[in-house]
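> Given next are the chains, with one letter for each unit.
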Amino acid sequence: MRLGKVIGTVTATVKDPQIAAKPLLVVDVITAAGKVSEPSVVAVDTVGAGVGDRVIITQGSAARIPQGTATSPIDATIIAVVDTVQTAKT
Amino acid sequence: MRLGKVIGTVTATVKDPQIAAKPLLVVDVITAAGKVSEPSVVAVDTVGAGVGDRVIITQGSAARIPQGTATSPIDATIIAVVDTVQTAKT
Amino acid sequence: MRLGKVIGTVTATVKDPQIAAKPLLVVDVITAAGKVSEPSVVAVDTVGAGVGDRVIITQGSAARIPQGTATSPIDATIIAVVDTVQTAKT
Amino acid sequence: MRLGKVIGTVTATVKDPQIAAKPLLVVDVITAAGKVSEPSVVAVDTVGAGVGDRVIITQGSAARIPQGTATSPIDATIIAVVDTVQTAKT
Amino acid sequence: MRLGKVIGTVTATVKDPQIAAKPLLVVDVITAAGKVSEPSVVAVDTVGAGVGDRVIITQGSAARIPQGTATSPIDATIIAVVDTVQTAKT
Chain Y
1 MRLGKVIGTV
11 TATVKDPQIA
21 AKPLLVVDVI
31 TAAGKVSEPS
41 VVAVDTVGAG
51 VGDRVIITQG
61 SAARIPQGTA
71 TSPIDATIIA
81 VVDTVQTAKT
Chain S
1 MRLGKVIGTV
11 TATVKDPQIA
21 AKPLLVVDVI
31 TAAGKVSEPS
41 VVAVDTVGAG
51 VGDRVIITQG
61 SAARIPQGTA
71 TSPIDATIIA
81 VVDTVQTAKT
Chain X
1 MRLGKVIGTV
11 TATVKDPQIA
21 AKPLLVVDVI
31 TAAGKVSEPS
41 VVAVDTVGAG
51 VGDRVIITQG
61 SAARIPQGTA
71 TSPIDATIIA
81 VVDTVQTAKT
Chain R
1 MRLGKVIGTV
11 TATVKDPQIA
21 AKPLLVVDVI
31 TAAGKVSEPS
41 VVAVDTVGAG
51 VGDRVIITQG
61 SAARIPQGTA
71 TSPIDATIIA
81 VVDTVQTAKT
Chain P
1 MRLGKVIGTV
11 TATVKDPQIA
21 AKPLLVVDVI
31 TAAGKVSEPS
41 VVAVDTVGAG
51 VGDRVIITQG
61 SAARIPQGTA
71 TSPIDATIIA
81 VVDTVQTAKT
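Chains as they are written, first to last, in the working numbering: chain Y, 1 to 90; chain S, 1 to 90; chain X, 1 to 90; chain R, 1 to 90; chain P, 1 to 90.
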């Protein structure tokens with residue numbers, strides 16, 4: 001999984017019916033120190049995350065394991081809102 | 001998923017029969033700010049996207065979930081045409 | 001999928017029996033403009049591609065969908081020989 | 001798989017129920033020489049690793065093969081604590 | 001697949017039982033010209049490769065297709081020892 005920061009939302013009228021009811025958030029993948037390592041992943045939110053939240057995203061087939069996602073054509077899902085990241089080197 | 005910009009089309013006479021009837025588009029993966037982060041992904045279009053459109057692509061096994069793609073040897077599919085990307089930092 | 005340029009061939013006497021009869025080509029992943037973005041992917045050829053051809057490769061589990069590949073331990077397959085790539089920005 | 005160094009822990013109150021009981025560690029992917037090649041992967045620990053340990057992580061669907069992980073939406077798991085890495089070029 | 005060069009071995013006492021009997025090698029991913037493009041992948045050896053050998057590795061779910069690997073939590077496997085790589089541009 002990856003740490004991420006939710007930076008925005010995406011809207012789309014023309015889309016696959018299997019993502020029609022899913023909130024799509026734009027997430028910058030970040031390091032434990034907060035540096036962006038991979039910008040602008042589009043992830044489905046399954047835990048009620050909002051813009052500004054630090055989150056955990058899962059990618060690949062794992063993205064379709066949370067409840068309600070099994071038949072959606074998605075490859076990235078937010079599975080947690082982070083409280084704290086504690087590192088030995090920070 | 002990723003944001004992308006459709007920049008062109010690919011034609012191929014010699015190809016796997018399972019992609020014969022699929023429109024193949026060339027998509028630059030972009031950030032929310034519009035910067036190209038990964039050039040020239042070839043994606044199957046399932047939503048009627050055209051050159052110049054900003055889209056969402058899904059990759060890996062997720063690419064074979066949209067209707068009509070299950071038996072095709074494809075790893076990237078356009079699943080939405082983006083209306084707006086709203087970010088807190090733009 | 002990715003655009004690629006076939007740059008060579010690989011031979012191996014000691015190998016998994018499930019790839020024994022498969023032609024293994026070395027493919028540079030390229031952009032629509034022809035720039036190498038990822039060098040030296042080893043891909044199984046299923047369409048009769050040759051050195052110098054511009055091709056489309058598919059990666060991951062998609063690589064085992066073309067006929068005759070289902071039980072091979074492969075993660076990259078050539079699924080088309082490109083005729084033309086037309087881009088709005090070239 | 002990848003060599004990694006455990007650098008910290010993540011806590012999250014709001015999360016997918018299928019990761020509720022799993023220890024989530026922050027792992028820097030490293031080379032055999034100890035250089036960080038990919039920072040801050042979040043991995044589930046299945047072998048009792050701790051901060052400071054050098055480990056092996058597996059990614060993708062492989063992450064859900066260790067006992068107790070099959071139904072969790074995870075894409076990275078620690079599967080070993082490294083004793084030694086012996087290289088010809090070190 | 002990728003070309004690789006075996007540069008070393010990894011030992012681990014504490015590990016997932018499903019990798020207990022598997023030789024774990026450290027492989028640098030290389031280009032056809034021999035340049036390291038991705039250092040220190042840890043791969044299971046299924047063909048008797050040794051340090052110094054040039055090999056082909058397969059990654060992702062393909063890594064669990066060779067005989068004896070199906071239930072192991074592995075994402076990279078050596079499937080061939082390379083005899084020759086012939087390229088038009090070398």
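Just so you know, not all the hints are guaranteed correct.
Identical copies go unnamed one by one, so any copy, or any two together, can satisfy a pair.
Calculated cross-link-like contacts (lysine to aspartate or glutamate; reagent style DMTMM-like; alpha-carbon spacing at most 20 Å) [claimed, not checked]:
1) Lys5 x Glu38
2) Lys22 x Glu38
3) Lys22 x Asp83
4) Lys35 x Asp53
5) Lys35 x Asp83
Derived from the structure by calculation, the hints contain no laboratory data.
> I want to check one pair: lysine 35 and aspartate 83. Are their C-alpha atoms no more than 20 Å apart within a copy, between two copies, both, or neither?
Intra 17 Å, inter 28 Å, cutoff 20 Å: intra-copy only.
> Quick one: lysine 5 to glutamate 38, C-alpha cut-off 20 Å, is that within a copy, between copies, both, or neither?
This pair counts as both: shortest intra-copy Cα distance 11 Å, inter-copy 18 Å.
> Within a copy, between copies, both or neither: where do lysine 35 and aspartate 53 come within 20 Å Cα-Cα?
Only inside one copy: lysine 35 and aspartate 53 sit 15 Å apart there, 23 Å across copies, limit 20 Å.
> Tell me, please, which holds for lysine 22 and glutamate 38 at an alpha-carbon limit of 20 Å: within, between, both or neither?
neither (23 Å within a copy, 25 Å between copies)
> Classify it for me, lysine 22 with aspartate 83: is the Cα-Cα distance of at most 20 Å met within a copy, between copies, both or neither?
For lysine 22 and aspartate 83, only the inter-copy Cα distance (15 Å) is at most 20 Å; the intra-copy one is 24 Å.
In summary, the one numbered hint that this structure violates is 2.
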